[in-house]
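Chemist: Since the structure of chain A is provided, determine the placement of chains B and C on it from the hints.
Sequences listed follow chains A, B and C, in order. Each residue of the first sequence is one higher than the one before, counting from 1 in full-length UniProt numbering. Each residue of the second sequence is one higher than the one before, counting from 1 in full-length UniProt numbering. Each residue of the third sequence is one higher than the one before, counting from 1 in full-length UniProt numbering.
It cannot be assumed that every hint is accurate.
[As the list claims (entries may be wrong)] Straight-line distance between alpha carbons at most 25 Å, and here's what the computed PhoX-like set of lysine-lysine pairs gives: (1) B:238 - C:309; (2) B:238 - C:325; (3) C:487 - C:249; (4) B:237 - C:309; (5) B:237 - C:365; (6) C:487 - C:201; (7) C:183 - C:203; (8) B:237 - B:214; (9) C:369 - B:238.
Hint data in this document are derived by calculation from the structure and do not stem from the laboratory.
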Amino acid sequence: MNLSTTLMTILSTTLVYAAPLIFTSLGGTFSERSGIVNVGLEGMMVVGAFSSSIFTLSFANALGDAAPWVSFLVGGAFGCLFSVLHAVATVSFRADHIISGTVLNMLAPALCVFLTRIFYDGKGQTPEISQGLGTVTVPGLSKIPFIGKVFFTQTSMVAWAAIVVAIVCWYVLYRTGFGLRLRSVGENPAAADTLGINVYRYRYLGVLISGFLGGLGGAVMAQSITLSFSISTISGQGFMALAAMIFGKWNPLGAMGAAVFFGLAQSLPIIGAYIPGLSGINSVWFQVAPYLITIIVLVLFLGKSVGPAADGENYIKSK
Amino acid sequence: MKLKVKSSWVVPLVAILAGFIVGAIIMLIFGYDPIQNYSSLFDGAFGGVYSIGETLRNMTPLILTALGFAVASKAGFFNIGGSGQYLMGWFGAIVVALKFSFLPGWLLIIVSILAGALFGGIWSAIAGVLRAYFGTSEVITTIMLNYISLYFVNFAVKDWLAGKGSDSSPNIAAKASLRGDFLENLTANSTLHWGFLIAIIICFIIWFYFNRMKSGFELRSVGINEDAARYAGMNVKKTIIMSMLISGLLAGLGGALDGLGNFQNISVSNALPQVGYDGMAVALLVNYNPIGVIFSSLLFSALQIGGMSISVYSDTPTEIVSIVTASIIFFVAIKYVIELLTKRRKKNPQKTAVKNEGAGE
Amino acid sequence: MTETVVEMRHITKKFGEFKANDDISLSLHQGEILALLGENGAGKSTLMGMLSGLLETTSGEILINGREVKMKNPRDAKHYGIGMVHQHFMLIPAFTVLENIILGDEPIKGGVRIDYAGAEKKIQELSDRYQLDIDVHAKVRDITVGMQQRVEIMKALYREANIFIFDEPTAALTPQEIEQLMKIFRALADEGKSIIFITHKLKEIKEAADRCVVIRSGRVIDTVQIEGVSEERLAEMMVGRKLRNTVEKKVVDQKQVVLDVQQLNVEKNSRLMVKNLSLQVHTGEIVGVAGVDGNGQSELIDAITGMQKIKSGSVEIMGKHYENKPVRSITEAGVGYIPEDRQTVGLILPLSLAENLSLKNYYQKPANKSGVLNYQYINEHGRKLIKDFDIRSQSEQISVGSLSGGNQQKVVVAREIASDPNLLIAANPTRGVDVGAIEYIHEMINQERNSGKAILLVSFELDEILKLSDRIVVMHEGEIVGEIDPKETSSQELGLMMAGKKVQTKTQEAAN
Numbered sequence: 001m002n003l004s005t006t007l008m009t010i011l012s013t014t015l016v017y018a019a020p021l022i023f024t025s026l027g028g029t030f031s032e033r034s035g036i037v038n039v040g041l042e043g044m045m046v047v048g049a050f051s052s053s054i055f056t057l058s059f060a061n062a063l064g065d066a067a068p069w070v071s072f073l074v075g076g077a078f079g080c081l082f083s084v085l086h087a088v089a090t091v092s093f094r095a096d097h098i099i100s101g102t103v104l105n106m107l108a109p110a111l112c113v114f115l116t117r118i119f120y121d122g123k124g125q126t127p128e129i130s131q132g133l134g135t136v137t138v139p140g141l142s143k144i145p146f147i148g149k150v151f152f153t154q155t156s157m158v159a160w161a162a163i164v165v166a167i168v169c170w171y172v173l174y175r176t177g178f179g180l181r182l183r184s185v186g187e188n189p190a191a192a193d194t195l196g197i198n199v200y201r202y203r204y205l206g207v208l209i210s211g212f213l214g215g216l217g218g219a220v221m222a223q224s225i226t227l228s229f230s231i232s233t234i235s236g237q238g239f240m241a242l243a244a245m246i247f248g249k250w251n252p253l254g255a256m257g258a259a260v261f262f263g264l265a266q267s268l269p270i271i272g273a274y275i276p277g278l279s280g281i282n283s284v285w286f287q288v289a290p291y292l293i294t295i296i297v298l299v300l301f302l303g304k305s306v307g308p309a310a311d312g313e314n315y316i317k318s319k
Numbered sequence: 001m002k003l004k005v006k007s008s009w010v011v012p013l014v015a016i017l018a019g020f021i022v023g024a025i026i027m028l029i030f031g032y033d034p035i036q037n038y039s040s041l042f043d044g045a046f047g048g049v050y051s052i053g054e055t056l057r058n059m060t061p062l063i064l065t066a067l068g069f070a071v072a073s074k075a076g077f078f079n080i081g082g083s084g085q086y087l088m089g090w091f092g093a094i095v096v097a098l099k100f101s102f103l104p105g106w107l108l109i110i111v112s113i114l115a116g117a118l119f120g121g122i123w124s125a126i127a128g129v130l131r132a133y134f135g136t137s138e139v140i141t142t143i144m145l146n147y148i149s150l151y152f153v154n155f156a157v158k159d160w161l162a163g164k165g166s167d168s169s170p171n172i173a174a175k176a177s178l179r180g181d182f183l184e185n186l187t188a189n190s191t192l193h194w195g196f197l198i199a200i201i202i203c204f205i206i207w208f209y210f211n212r213m214k215s216g217f218e219l220r221s222v223g224i225n226e227d228a229a230r231y232a233g234m235n236v237k238k239t240i241i242m243s244m245l246i247s248g249l250l251a252g253l254g255g256a257l258d259g260l261g262n263f264q265n266i267s268v269s270n271a272l273p274q275v276g277y278d279g280m281a282v283a284l285l286v287n288y289n290p291i292g293v294i295f296s297s298l299l300f301s302a303l304q305i306g307g308m309s310i311s312v313y314s315d316t317p318t319e320i321v322s323i324v325t326a327s328i329i330f331f332v333a334i335k336y337v338i339e340l341l342t343k344r345r346k347k348n349p350q351k352t353a354v355k356n357e358g359a360g361e
Numbered sequence: 001m002t003e004t005v006v007e008m009r010h011i012t013k014k015f016g017e018f019k020a021n022d023d024i025s026l027s028l029h030q031g032e033i034l035a036l037l038g039e040n041g042a043g044k045s046t047l048m049g050m051l052s053g054l055l056e057t058t059s060g061e062i063l064i065n066g067r068e069v070k071m072k073n074p075r076d077a078k079h080y081g082i083g084m085v086h087q088h089f090m091l092i093p094a095f096t097v098l099e100n101i102i103l104g105d106e107p108i109k110g111g112v113r114i115d116y117a118g119a120e121k122k123i124q125e126l127s128d129r130y131q132l133d134i135d136v137h138a139k140v141r142d143i144t145v146g147m148q149q150r151v152e153i154m155k156a157l158y159r160e161a162n163i164f165i166f167d168e169p170t171a172a173l174t175p176q177e178i179e180q181l182m183k184i185f186r187a188l189a190d191e192g193k194s195i196i197f198i199t200h201k202l203k204e205i206k207e208a209a210d211r212c213v214v215i216r217s218g219r220v221i222d223t224v225q226i227e228g229v230s231e232e233r234l235a236e237m238m239v240g241r242k243l244r245n246t247v248e249k250k251v252v253d254q255k256q257v258v259l260d261v262q263q264l265n266v267e268k269n270s271r272l273m274v275k276n277l278s279l280q281v282h283t284g285e286i287v288g289v290a291g292v293d294g295n296g297q298s299e300l301i302d303a304i305t306g307m308q309k310i311k312s313g314s315v316e317i318m319g320k321h322y323e324n325k326p327v328r329s330i331t332e333a334g335v336g337y338i339p340e341d342r343q344t345v346g347l348i349l350p351l352s353l354a355e356n357l358s359l360k361n362y363y364q365k366p367a368n369k370s371g372v373l374n375y376q377y378i379n380e381h382g383r384k385l386i387k388d389f390d391i392r393s394q395s396e397q398i399s400v401g402s403l404s405g406g407n408q409q410k411v412v413v414a415r416e417i418a419s420d421p422n423l424l425i426a427a428n429p430t431r432g433v434d435v436g437a438i439e440y441i442h443e444m445i446n447q448e449r450n451s452g453k454a455i456l457l458v459s460f461e462l463d464e465i466l467k468l469s470d471r472i473v474v475m476h477e478g479e480i481v482g483e484i485d486p487k488e489t490s491s492q493e494l495g496l497m498m499a500g501k502k503v504q505t506k507t508q509e510a511a512n
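Isolated chain A, as found in the complex:
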């Protein structure tokens, strides 16, 4: 295999595995920037994966080529709806953020598999999705020598979309009034309150955006990797996304970078076989590598990463 094909394979698999993590870690960033700790990303992904699978299985024929993309958005919508639970619990009802997030992680798989069994005659797994968000070769651009081969051949469009979304998220958080206010309620809600910023509203928005993006992440997982929904569709990606968010220091671009890194690491067991010199190594090392590398990098280079100052603190307005 020549260099450009090897690079193409590495980049393509990396992006495929990174895409769900990018969306979800961006979701986590919005929630935590507004001051609501979100360990419930996993649950939001489950709901996104479930709802988009069901949608695409039901409406694929009616929607044609647009089906994967519409069901992708449907996953986001239901993720958003599900995150209302977390928002109500933490923002309005003063719940411990970690407990509430844990509830999402418990509830989502239970509820989604319950519904799957009802919809598919007691089976805990949906049929296979015929049209997913697979890889595409971009016409024209893929003809560019070398670069075209590496970047535009059999590449994941949804991953590129995720990268664009990450840049947009960064712009929103760091260049707009909305972003400044959202970050302010995560840093010092009392100060924001004195300036007339509705702390509760921005925290609700932070969580809902997080639910939407987490739902998108789950949808991507189902539409481009597992191609069906079952209990094992989402198995820890939400936690990996949480790690990516912390790794990326609660910054959308940082989270995206970390997610791409995790994507690369997760694709190691698959691409290891293609890389000369690595093929002889026992696959357990490739499986363990992403997690081991994450720990080592955190210890060596990041140490204590500091999140938003009021992350996890409930704000109680005195009247």
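Modeler: Chains B and C in isolation, oriented as in the chain A frame:
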């Protein structure tokens, strides 16, 4: 209400009731009969000595992963790594039971149990050391260690313990097993084993540790306020590592007892053991009270064991049980509302300040 | 008479059954500087909270420019031209000064984008006009307390406020910074703006205010013109009785050196916070460390008590070296320490009073018997200290977090004094406690001195330093810039030294 209920019981009791109501509503929506399902659930969990034996047996790992989570939480850490620690404990116990089978039975059991606990403890202490010396978030490290343990154990079982082409280790010798004729006769051949008794005893030990021991006092102090603990002359780093070590020892013990008493071997698995996460729910329901853990693990175990009969007697998906479980914890999480509603009847409302620790700090 | 801009009529505010404000009325005229005088907990901040829309009134009316208004939230207050500068600044340390100023009222360009350049221009103009001298690009966490306050003033100016409320504005400022603030007050008043400032410092009232409203226990005691009223009279109205302004100092032997710090250097976040500092404290003396917050006092104390690593230099306690030793070994060398922040350092709030009172001896016999705590002893010990130190609490079992600030501080003081230390270190021991508790704590510290203990007192309150100390050293940027005799100095001289001016005094030579 005339009935006088200890105030710390109000939230869990109301939450349990509300959780069952949510489950009933969902069943009604989808056309299932909640009364029939709840009664088959109850029968499945308590409807005979065999069922009771199974329910108690299933409590064993729940108690220990819950206690593990509780110890870390009291020290201010979110140990999400119970699953991995449990798995390492299971693995460690089986490895020792298989490889040291020449030892006399009583010694083999003790060594195997201790090995399992130690595997879990060391696994968790890694996160403790990194947290104490590098400030690395234990949320991330315990998650990562979970996956490492999963792949490592799968690899070790497949390539080392299991025979060629098999996905499971051989069974341990009968002398290494925690099962006993007495318990089996008592419970109509259920899988109840002596590990259950060990787990109950550990609950009381941990209660004593939290509330009466110097080291437990230090652990709670560090959990509430690290700076003040340092000011009081406590060794914060040591306490952090210690708390994570104990936390992992307990989860590892859970794995060891389950392995030696229940499974009798270890197999390759696709996903992390769910019991690690269920333990979190068990501990949360009773706000980390070690004695309370006995009761909440009984409830969760009964839901799990009894839940299996739901699909036997009706076509209701068993996942309804997990929905009830999650709802109960949801109501525990919003205890502020429960307290508000129950206190409205009393005259003077107490002001409570709420402050939670964030993940990844 | 000029126009009345604010009128508060018969304001009452209840928190549950507790009346924080009881039928308070006051008025403010255009261009006027009105002082609101009262001790901690008198209800001043509650009253201003209602005027700034943070709290809602239980009953009563608020009139702005003669029209009755309803203040539901800070937006309403802003709408009526009211700007509030809180005692604990409402700033976001991680944001820049510019971001802090525009937050909530961001100028938007092209639909979504914040127009930072435009905002900066407007702020620069205001800054020049009122001589606020702020650096808009700095992060708030990096700027001085004085500048933080000017940022708060700028926040109000940026929102075109006409009525300014200042809550304890001088609490953390040097005398020179206070002077600058008073100039800003004048400049604002000259432009026709009106000011209410909350304080318990009489000198500032005399200096800056036109009129003064005195509040005690939630009620208005009197409203007076500043001209013609004495500080003593104001003080009496504030506390309802005469205050003792001195402590009785016995003559005690001050020969033996208890604490000997030599050539100490301490680094924090790779910044040198204590530089080549040498200091001695003898038996039977109180050495006061004066200085503005953030000049290395905390790091000095943390280094002595073992809470922070020492870079170089020596710390000897009773003749033995204790550099970079564990906190516990320093405690056991006989060092008692009343930390600056009781809530986050000195106490573990959810734990019981008894447990907190044993925080320094829980691990020793008889509280600890081979790893098991003897709660019978711990509770008994708690009850004894509660009685001895007049801590107001029904039981030793309740959590310390439920006590008032003054009682919490008494818990810390009781524990540290009861341990019978050779050296007692007290950092701002009376911050945020009521006048009664202040007097009591001062007495206790002085008693320790009289019984021959060595005491190191760090305080940002000059009055406290002047009242208690036998010797005063002044810290500026990590160095001791001078040593003076409290009997022969003025707060003016102290202020100059706190601002970094080195003054050679007679006492310094005498001390050597």
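Chemist: Which of the numbered hints above does this structure break?
Modeler: none
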